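Asker: Sequence:
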Amino acid sequence: MWQAHYLTVGKEKINYKIRETGNLSASKAVLLIHGQAWTGEAWTMVAEKLQGIHVIAPDMAGHGDSDETSDNSFDHLSEQLLDILDQLNIEKVWIAAHSWGASLALNFADKYSERVRGFMLLDGGYFNYQKWPGISWAAFTDFSLPEAALESVDAYVRFQSEDTPFWNEKVEKAVRDQVSETKEGKATLKCLPKTELACAKALWNFDPDHHIAHINFPSYLVVARPDEENDKVRKFKTNALNHFEAVVKDCQVVRLENTSHMIMLERPETTADLIWKMIEEK
Numbered sequence: 001m002w003q004a005h006y007l008t009v010g011k012e013k014i015n016y017k018i019r020e021t022g023n024l025s026a027s028k029a030v031l032l033i034h035g036q037a038w039t040g041e042a043w044t045m046v047a048e049k050l051q052g053i054h055v056i057a058p059d060m061a062g063h064g065d066s067d068e069t070s071d072n073s074f075d076h077l078s079e080q081l082l083d084i085l086d087q088l089n090i091e092k093v094w095i096a097a098h099s100w101g102a103s104l105a106l107n108f109a110d111k112y113s114e115r116v117r118g119f120m121l122l123d124g125g126y127f128n129y130q131k132w133p134g135i136s137w138a139a140f141t142d143f144s145l146p147e148a149a150l151e152s153v154d155a156y157v158r159f160q161s162e163d164t165p166f167w168n169e170k171v172e173k174a175v176r177d178q179v180s181e182t183k184e185g186k187a188t189l190k191c192l193p194k195t196e197l198a199c200a201k202a203l204w205n206f207d208p209d210h211h212i213a214h215i216n217f218p219s220y221l222v223v224a225r226p227d228e229e230n231d232k233v234r235k236f237k238t239n240a241l242n243h244f245e246a247v248v249k250d251c252q253v254v255r256l257e258n259t260s261h262m263i264m265l266e267r268p269e270t271t272a273d274l275i276w277k278m279i280e281e282k
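Those letters in the sequence shown? Residues 1 to 282, by UniProt numbering.
Ranges of calculated distance between the beta carbons of each label pair, as one might list FRET restraints:
| hint | residue 1 | residue 2 | range |
| --- | --- | --- | --- |
| 1 | T270 | N23 | 18 to 24 Å |
| 2 | T270 | K183 | 39 to 45 Å |
| 3 | S27 | T141 | 37 to 43 Å |
| 4 | R158 | D83 | 36 to 42 Å |
Keep in mind that the hints were calculated from the coordinates and are not lab data.
Every value quoted in this text rests on a predicted model; they were computed, and no experiment measured them.
We treat Cβ as the ideally placed atom computed from N, Cα and C, and that holds for glycine.
With these hints in hand, go ahead and build the complete structure from the sequences.
Answerer: Encoded structure:
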């Protein structure tokens with residue numbers, strides 16, 4: 001489905017893997033931004049339902065098959081996204097972004113508002129992680145995995161499939177795209193530890209309040225509400241949502257009950273329907 005190719009991006013001249021699908025000559029375009037340690041492959045099931053418009057899903061720098069960058073700040077990554085849009089001759093774009101990618105999307109939308117028609121933030125981007133109930137920097141940057149999960153690529157896939165009721169072949173493909181095989185046959189994340197740490201630092205220091213005052217286009221906040229979410233976290237998220245809505249006037253909040261953080265993998269049809277709604281209401 002995807003037409004994959006590489007673009008040389010930014011002053012560093014790094015190679016970005018770009019996935020495109022749909023009508024590549026369409027005037028309507030949507031940019032899909034994955035979360036930390038994932039790749040554009042995570043958007044496949046959503047993109048399948050967006051045919052007729054131009055769909056772009058890059059592997060962000062240091063993720064998947066894109067090169068490392070010297071600077072993982074949201075400002076720097078936003079500059080790289082701008083270069084991608086310029087090279088693809090896309091003047092204005094809708095954005096749908098997940099988790100870490102949602103914070104990046106908000107930063108981009110604030111910095112380059114003239115290039116954005118509207119955005120959708122999936123389970124991220126609207127709150128300050130430092131205020132999350134009970135959070136600590138040590139816990140926030142604990143990316144450790146069980147040793148057995150990295151014994152092989154298949155072992156990693158089995159580990160990720162556990163307790164994942166929405167598992168299917170396309171979810172598996174997205175999970176496999178997170179890792180590569182070492183010479184010894186072990187699995188290793190394509191997103192290196194130093195990259196994960198740098199991305200986590202950018203996310204930890206990201207305050208949406210510094211970016212939402214000038215948002216003047218349609219905004220959607222899509223929020224996962226898993227069964228096991230505790231009251232303190234739910235209250236924190238509700239307060240953050242209310243604040244975002246109060247500042248960003250053209251904002252709609254969609255709450256997805258009994259849904260995990262990985263919204264685009266668990267609820268791809270719903271995600272695609274919401275993207276279509278955002279586009280058609282503009």
